Structures are given as structure tokens and as C-alpha cells.
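Asker: Protein sequence lines correspond, in order, to chains A and B.
Just so we're on the same page, this note's numbering is the position in the first sequence counted from 1, plus 154.
Just so we're on the same page, this note's numbering is the position in the second sequence counted from 1, plus 154.
Source of the hints: derived by calculation from the structure; they are not laboratory data.
Quick caveat, the model's predicted, so the values are computed rather than measured.
One should not assume that every hint holds.
Identical chains blur together in the list; that is why a pair holds if it fits in one copy or across any two.
What the hints assert, rightly or not - Think about it this way: if two alpha-carbon atoms lie no more than 25 Å apart in a straight line, the pair counts; the simulated SDA-like pairs of lysine to any residue are:
1. Lys194 <-> Arg496
2. Lys194 <-> Thr459
3. Lys194 <-> Gly239
4. Lys538 <-> Asp491
5. Lys318 <-> His299
6. Lys406 <-> Lys480
7. Lys480 <-> Arg227
8. Lys318 <-> Asp482
9. Lys194 <-> Gly460
10. Lys194 <-> Arg510
11. Lys163 <-> Val451
12. Lys406 <-> Arg546
13. Lys538 <-> Thr361
Protein chains: 2
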Amino acid sequence: MFSFELLAKEGEARAGKLYTAHGLIETPSFVAVGTQATVKAASVDDLLEIGIQVIIANAYHLHLLPGEDLIERMGGLHRFMGWHGPLMTDSGGFQIFSLGVAKEHGVGKIGSIFPEERDRGGHFSSKRGKPLVRIDDDGVEFISHLDGSVHRFTPERVIEIEQKLGADMILVLDECTSPLHDYNYTRTAMERTHRWAIRALEEFKSTSDNAQALFGIVQGGEYRDLREESARFISSQGFDGYAIGGSLGRSKEDMYRVLEWTIPLLPQDKPRHLLGIGQADDILEVVERGVDLFDCVAPTRMARTGTLLTREGERSRIHIVNARFKDDPRPIDEECDCYTCRNYSRAYLRHLFMARELLAISLATIHNLYFVESLMRQIRCAIKEGRFKELREERNIASENS
Amino acid sequence: MFSFELLAKEGEARAGKLYTAHGLIETPSFVAVGTQATVKAASVDDLLEIGIQVIIANAYHLHLLPGEDLIERMGGLHRFMGWHGPLMTDSGGFQIFSLGVAKEHGVGKIGSIFPEERDRGGHFSSKRGKPLVRIDDDGVEFISHLDGSVHRFTPERVIEIEQKLGADMILVLDECTSPLHDYNYTRTAMERTHRWAIRALEEFKSTSDNAQALFGIVQGGEYRDLREESARFISSQGFDGYAIGGSLGRSKEDMYRVLEWTIPLLPQDKPRHLLGIGQADDILEVVERGVDLFDCVAPTRMARTGTLLTREGERSRIHIVNARFKDDPRPIDEECDCYTCRNYSRAYLRHLFMARELLAISLATIHNLYFVESLMRQIRCAIKEGRFKELREERNIASENS
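With the sequences and hints as input, model every part of the structure.
Answerer: In C-alpha cells, the structure reads:
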């Protein structure tokens, strides 16, 4: 049911085909984030027109609202959300990290939409506060961010939740660490993640109907020996795919190094997923290092604040509410073929944002997602034709010249 | 360029064809409200798929944001908002009424989404306060609701604004009265509206390029002799179409009476537009009395709060956040063919509203607009086949049985 076919390689960059119970994914692929069983502000028809191949929803969020039992009764997540293509669910490990140690340490992860925060090394200060989580070897107890109710996740329980949701690719429960954790704690958490991975896999094997694929998660923070140890250990367990999670250091350079340590140790014949990373300017970098799948909220989150991806502009983006777009008749990006760019001017989009019209957010979301998908199509084509390096240089020059 | 063809009549109900510079409108027709150059939460493609024939934008709102000059520079309103079908603009008379006397009197108009307010006779208390408007015979001075800047509208100035916007059908500036105004003030305001109508028509004739059609507005509040006098006067001026505006009394029955006094006095060979009215349960009533066009925010506004139109249910609507829809696998309306009903369950829509996802609003908007359009298609067909009365009775029985 689930298999990965490698079509071409250029350096570490790979082009392939991932077959799932709900269809094919051409890799490398962006995975659109649909945390609460919807990609924010986009309909399924929008996503199909954009060319989105796969969506990742979130077991933590869907467990709290509306609950996995309800979704199962409604025929599973595909049917519930009207998306009949490939679907993943994240385990909630990162969300529990956000409620727990991230709150304690006042840190977040690369992917902030605010440039000044990204420049500080990829971590932003979130409001510090009392952690809402208690982790022990058996699992994790946490307090719902919605209503304060107490919940318990174990590796087995998360598999059960994800089986009820019924996505094509599911992730094991892991423990994410913060860049402020020291070596010793990071090792302790990694070893716990490994024990949880074994338990999750056992639970999965004893209950799976073979329609779902289970991905293991490599942890180990920003420490080379831990990342290597984790990559070797998780690889040896025979998962269907491999994800890279947790703290990837304090800068984009740290993140690239973590990928360079980890990916060569993962099996060549399985897909690799980078969790929660993929700013427009990261994409070429992570694909170059061998990533097949990555999910990131940046395109949709930026859209909601009027930050639109372009081929030119500072950091390849424009802030549409800027007064200079007031009577700009051009589309967001003159080479873009998306619905928004085919039909609307920057002046109109700016008006919609200024007038606080919801259509602003839909149109911006469509553009940003299309922009990323369009880059992914170019990347896949370039790898297959052996000119990925060329594409990478072209794009870098374009962005430096702007 | 602009003409109206009467195809069939059953009692006062009429089916016809309205030819505009941007295409045909089959009447009777719902006019979708696109105040700020967008129908809230719907894209142009959504509207085309739904079957929306015509949109009404607002000269007052667009004058303030982004300004008629900017829209003119961007190629006019059609091009600016990407809608290439028939388009109207309202003059802003009602918005000025809202800033002025409606504030003073603490009244609004039929069309509130809150049933308890509608039951009180179609008027709701809005926050009373100091009026932001000063009306004199020359025109009206008002303070922007956005930034407190001072503006002046005269009948001539409004024509100029609407010519820059470039809609196919435009409305003259009128003075709306409140149901709390006495007979004498209502007469004074009506006579001023008549003088303004003459000035607007003169301005229009001396500047028109013949692509636009100008509609006069009948006023006169809830007083029979004033409504009749106004209908006769405005009809005698030779406008391209006739709108019915202002206070239509304190209940739906008052409104129906106003239509019965007014419409028989309007020319048969011109379209009649009822301004700002058209709850789902009003539609058959107003069409029966000879209305060809009507605009109403109710379908889109109700959508944003999760109130969805159905063939059954109390008052032909359901409140989707109600707990009883939690695991209801049915579409909103089992006979509806809209995108939302073809793809999503009540359970999913409820989840989206509970999770505060923007997609909730888009999907609800699509459904409510489609529901109204679908009723309009049935009505047009029934009038042409001489069975409008039958349709009216069927729908009444369905709604009483539910």
C-alpha cells in the first residue's frame, strides 16, 4: 500500500514518488498544514487547484476538538474534511513541547513570521509561564490549552488516536527539546523518545490494517553525536518513513548542519520528513540536503497578516498593506499563475486588507501556497533533469539582486 | 445599452430580462451585497459557481476607502474587484441615515439577524448617540465612521462618484427617514429627496456616456399618501429604473403594504428594486408584490454567525453551533446542490465554527447565497410557467410543517 520510489538524485537532493492509500505524492513535496482538519482559509477545491499534494493535521488538536471518536464516526479524517488525497497526522509531540518546556524556557522554533525574530537565530521569545505538562517515562500528562481539562498521552494512546483519525502517514509520539536544554537533558529526552518509538511501533504492528504508514522521529537537539545516534537507532527499527524533529539549533546554519549529520544515516529507500520547517528561503536548502517532505505554517500564517511571497522584494516577500501598493495595478508576482495573480491587483488586495475583508486572507493564502507549490514543481523537474544546482543558483541571484 | 424586457406576469409578480452593459440579469433577481468591493468571504469564482447575477457595492464606503479616484485609475470597479458581470452602486443615502437620524432615534432597519429584534417589528435598537450628519437642502455633510474626517455629498457629487466607480446601475442620493419621524418631517424629507432626484438626473444626463443606468428612489415612509405621491413623482422623471427605499414601517406587514401602495404606480416597462430587504422568508412576499430586484445582507451576515438557511427548521434556518449537530453526518440541507452541501457534513461545519476557522465562514456564505439563488431560479421558472402561486403555497406549507 505504502511505498517510495527514488527517481533521481543530484548530490543529496532526491526526486521520487510516494504511493499512499489515498494516492501519489511526487517528492520533494511541501505538506500543507491543516492542524484543525482544514488548511486555514482555503477550501479543498482551492488546494486542488493550487496543486497541494498532501496535508498534515494534528492529533493533539483533533483529540481536543472535535475528538478522534467523533471523526471516526463521521467516516475518518479524509471524509470529515472532504480531502480525498494523501493525509498525515502529527503526533502532538511538538504541541506538548509548546505547552511545557517552550513555555518554561520562553522559546519557540524557526518559522516565526517576524523577521527580527528569525534573525535572532530562529527562536522567538514566547510569553514565559508555568508549564502545562508533566513528562514521565510512561507518557505525558497535559492541560488542554482550550478548557484546562487534563489529558494523558502515551505512545500507544497516540497510535490509537491516529488510527481512529485514519491519515495515510502517522507520526510516533516524541519528546521535543529546547535549544536551552543542556546535553544531558537532551540525551535523556532522546533516549525516552527511542523507548517510546519502540512502544509505538509495537502497538502499531499489533493493530494496523496496513493502510497507514508509521514514521519514526529522530531527536537529539543540536548535538552531533546525539543526532547521529538517534538517526542510527530510529533507522534500525524498520519504520515506513523517517521524520526529523525537535530543536534544530539557534540559526538556519545550525539547522542545515543537523540535516547534514542526520540524513546520510537514514535509509535511502524511505521518505524523510522535516517537521515544521520550510520558509520560502529554506526550501532549496533543505531539499539540497535530502529532505523529501516538509510541512510549515509560514505560507498560510504570513498570508493572514498580508505578507506575500514574491520572486523579488526584500527576503522574497512584500507587505501588501504598505502604502506604496495603494495604486499598484500589477499582480502580487508578475510571473505567478495563481487564481489571485490572474484576477487581482496589488491595489485591490491592499484595499481588502485595509477594509478588513475576509476575502483578503483567502486570496493571500491561495497565492502563498501556490507560490510554494510552484517552486516545488520547478525543484522536482530540476532534480530529474540534473540541474537542481543551477536552479538553486538562479534563485539565489534573483533574491540577492532584489 | 440598458433595457428591460417583461417575459411573464402572474398577478403582480413578474419575470423578465434586464440587459446591462455587463450582461443579462434574469429577474426577479437577488442582488448580492458587495459593500466594500467584495461580497464578504466569497470570491468571484464562488459567486459565478453559485449563480449570482449582480452585485451592489456602496458609493459611501468606497468613497471613504479606497476612494473613487483610485478605483477609476485602476480601471473602474468591475476591473478592480474582478467582477465582470452586472454591478450596481448604492448612493450612500442609507449609510448617511445610519450615521444620522438612525443614531439619534436608536433604530435600524428590517434585516437584523437577531430574531428577537426582528420580532419587535423589524427595527433594532442601535447604540444611541450624537448624529454624525447635517442635512440641508443642498446636500449632506457627514463625519466618516472610519477616521472622523468631514465629507460633503450633494446629488451631483454622488453622481460624479458613481460615474467614476462605473457600475452598470447607479442610484440617486436620497434622504432616508426613520419610522419614528412624524408625518411632517417625512414629507419634508420626501420633498427634498424629489428635488435631489431632479438635480441628480440633470447632472447624470449632462455627463453620462450611456453605459450606466440611473435609478430614482421612492421615499415617503409608512404614509400611504406620501408613498403614492413619491411613486408618481419619481415615475414621471424618466429614470431607467425605480428603487423603493427608506422606512418601510415597523413590521413585515407594514412593508408589504408600502409595496402594495407603491409598485402599481411605477412604470411597467422599467425594473423595480427594493433596497436592503430580502430575508429568505420575505422573498416570495416581495416578488409577489412586483419587485424585480432586491439586495440584502442577511444571507452573508447570517453565514458569518453560523446561521444557515434550510428548507426545514424553525424559521427555515439552523444554528450550526447547536450541540445537536455535533455528529450529524448530513449536509446543511439535503436537497441543496451547493459546494458546501455536496462536500461537507453539519458535523464538520460545526467543528469549523467551534474551532474558529475562517473556512467556516466561506462555506456558510457559499451555502446561504446558493440557497437564495436556488429559490430565485425556482421563482423565475414558476412565474414563466404560471405557477408562482402554487410555489408560494408549497413553500409556506413546508415552512409551517417544520
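Asker: From the Cα coordinates, with 25 Å as the cut-off, is the pair Lys480 and Arg227 best called within, between, both, or neither?
Answerer: between (49 Å within a copy, 11 Å between copies)
Asker: Which holds for Lys538 with Thr361 at a C-alpha limit of 25 Å: within a copy, between copies, both or neither?
Answerer: Answer is neither; intra-copy 38 Å and inter-copy 62 Å both fail.
Asker: Could you place Lys194 and Thr459 in one of the four classes (within, between, both, neither) given a Cα distance threshold of 25 Å?
Answerer: both (13 Å within a copy, 18 Å between copies)
Asker: Please sort Lys194 with Arg496 into within, between, both or neither, judging by C-alpha distance up to 25 Å.
Answerer: Intra 22 Å, inter 20 Å, cutoff 25 Å: intra and inter.
Asker: Have a look at Lys194 and Arg510 and pick one of within, between, both or neither, based on CA distance no larger than 25 Å.
Answerer: both (17 Å within a copy, 10 Å between copies)
Asker: Within a copy, between copies, both or neither: which one fits Lys163 and Val451 at a CA-CA cutoff of 25 Å?
Answerer: Neither: 27 Å inside a chain and 56 Å across chains, both beyond 25 Å.
Asker: Is it within, between, both or neither when you check Lys318 against His299 at 25 Å Cα-Cα?
Answerer: Within one copy only: 22 Å inside a chain, 51 Å across chains, cut-off 25 Å.
Asker: First find the shortest C-alpha distance between Lys406 and Lys480 inside one copy, then the shortest across copies, and answer within, between, both or neither for a cut-off of 25 Å.
Answerer: This pair counts as neither: shortest intra-copy Cα distance 34 Å, inter-copy 43 Å.
Asker: Checking Lys194 and Gly239: alpha-carbon separation at most 25 Å within a copy, between copies, both or neither?
Answerer: within (17 Å within a copy, 29 Å between copies)
Asker: For Lys194 vs Gly460, is the C-alpha pair at or below 25 Å within one copy, between two copies, both, or neither?
Answerer: Answer is both; intra-copy 14 Å and inter-copy 17 Å each pass.
Asker: Evaluate Lys538 and Asp491 at a C-alpha cut-off of 25 Å and name the case that applies: within, between, both or neither.
Answerer: Answer is within; shortest intra-copy Cα gap is 23 Å, inter-copy 43 Å.
Asker: Measure nothing new, just compare the shortest in-copy and cross-copy C-alpha distances for Lys406 and Arg546 to 25 Å and report within, between, both or neither.
Answerer: within (17 Å within a copy, 66 Å between copies)
Consistency with the previously given hints fails for numbers 6, 11, 13, ordered from lowest to highest.
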